[in-house]
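With the hints as your guide, set chain B onto chain A.
Here's the letter readout for the chains.
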Amino acid sequence: MNDPYGILGVPGNANDDEIKKAYRTLVKKYHPDRYQNSPLSKEANEKMKEINLAYDTVMKERHGKTTYINGKNSDNTQYDEKSRNANTYNYSGNAVYERVRMLIKGFNFTEAEQLLGDILPTGRTSEWYYLMCVISYNRGWLEEANNYIETAYSMDPSNAEYYEMYRSIKNQREGTAKHTGENSISDCFGDCCCDCCEDMCNILRRFR
Amino acid sequence: MFGYLQIDKDELKVKDYRLYKSVYCGLCRQMGKDYGIAARLTLSYDCTVLALLYMSLNSEKCRVIHKRCVVNPLKKCEFCNCEGKALEFAGAVSVIMSYNKLEDDINDSKALKKLTARIMKLVFKRNYKEAAGKYPEIAAITEQMLKKQTAAESEQADIDRAAEPTAELISKLCAMLGLKGHSVHAAEVFGYYVGRWIYLMDAADDLEKDIEFGVFNPFKSKYNGDIEETMAYCNEVLNMTAAQITLAYDLLDIGAYKSILDNIIYDGIPKKQRYCIFGKYSRGNGKRRRVKKR
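Line by line, the protein sequences are chains A and B. Counting in my numbering, the first sequence runs from 15 upward without gaps. Counting in my numbering, the second sequence runs from 1176 upward without gaps.
This is chain A alone, in the form it adopts within the complex (with noise of 0.2 Å):
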């Protein structure tokens, strides 16, 4: 294993506290809910349980005693697996839906929208275009599985699921490039950012 410092982003000397905020910090970074429904969502997974894994041999290293592992004592900022999956899905009992579900879980997207593909449109549920949105959410199409949530979370508001999913893309739409209305100096680009190598800039946009 590597060093549970470096994983932590700490360096030795750390007190607690310290290890404790970066925890936290990369829990936040790295939680399921963050990856929910998403192609890199086992990776997240490895990397969380490398960072539970880190925290608690520091900790076990300091005093001698785990928190993540036994857990019963832990604060509860820190994050389970276990209580966490036994809530994700609330299935509804139909069995393509579920077949579909497995296939999306195996990361199978042909055969799972094959299967979607073969119920008529009049015979769509929101659940339809729910688990259409997360295939296409995997795929890397994201305006079609923005449109897909969309009529999901209309056709069912009260579902916890698609709501869950309909928020997520919501949030990410809404971003961080936020039109303020004013411009500060830093907003002010120029025709080229950083004028790396002016010279070369200059000549290139004569070219361009």
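These aren't lab readings, by the way, just hints derived from the structure by calculation. Fair warning: there could be bad hints in the mix.
What the hints assert, rightly or not - Stretch by stretch, here's where chain A covers chain B in the computed footprint (C-beta under 8 Å, at least three residues):
(1) 1230-1244
(2) 1363-1370
(3) 1422-1436
Said to hold, decoys possible - Think about it this way: if two alpha-carbon atoms lie no more than 27 Å apart in a straight line, the pair counts; the simulated DSSO-like pairs of lysine-lysine are:
(4) B:Lys1260 with B:Lys1276
(5) B:Lys1289 with B:Lys1304
(6) A:Lys184 with B:Lys1395
(7) B:Lys1184 with A:Lys43
(8) B:Lys1397 with B:Lys1384
(9) B:Lys1433 with A:Lys35
(10) A:Lys43 with B:Lys1347
(11) B:Lys1251 with B:Lys1188
(12) A:Lys42 with B:Lys1236
(13) A:Lys63 with A:Lys119
(14) B:Lys1347 with A:Lys119
(15) B:Lys1276 with A:Lys63
(16) B:Lys1289 with B:Lys1260
(17) B:Lys1347 with A:Lys56
(18) B:Lys1433 with A:Lys43
Built from N, CA and C at the ideal position, the CB exists for glycine as well.
Relative to the frame of chain A, chain B by itself:
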């Protein structure tokens, strides 16, 4: 490529800025060494990012040397002299992509630009052959991507489908960065969204012009006469793509140059986006800051 991946200079430390600049100049120098002076003209910020990413993921060391600038011999510059293949790789990508872009320009430009593109193409032909000989995979995927792009444009593809060829191209390039284990997938996904973002950013930037000239643009179907409203929509699309870039980037094992790459991903991308989308139409101070060249 189009030069949309830039640093946010204001947020960067001076030492990081100097390092970034030395990589930019180093890449220019490397291309001059490998392909001759004409190839230096293909230099772009995007390929600088590619070189940085390559260096970071492979933990390549770089030595800084002081030499005179080719473009301006009066100035002494810092050049990054890389031990590994990063600059060579990025240089080849730059030459190959620029050559292919010229081909694209010939197909869908008007008279004068077409002529310029033809001449430039002649100039770059030898360089392209050299680069393609060294990295046949890059040449192959670039050609493939251009074919797909032409097909997508001729059938008036929607936003997702139109962005896919560029997205896949960058995705494949990122997969070539020499990674091991599970971060290859993260790099592929990262590349996909970076490519998508670059393509859509370019599309949003050109929207007004494309409407005027009747050229294909994926955002055109959303245009209802109010350019500001359409731009706000473009911003949403780009925001979502940028959010996905960040998700994938967080999973990469970035080693050295982390502060520069972080700056590009977390600050540079939103800033460039804000500038391109709202800068032109901003009524904040009643001035149009940038007048578009026609």
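Violating hint indices (sorted, rising) | 1, 12, 15, 16
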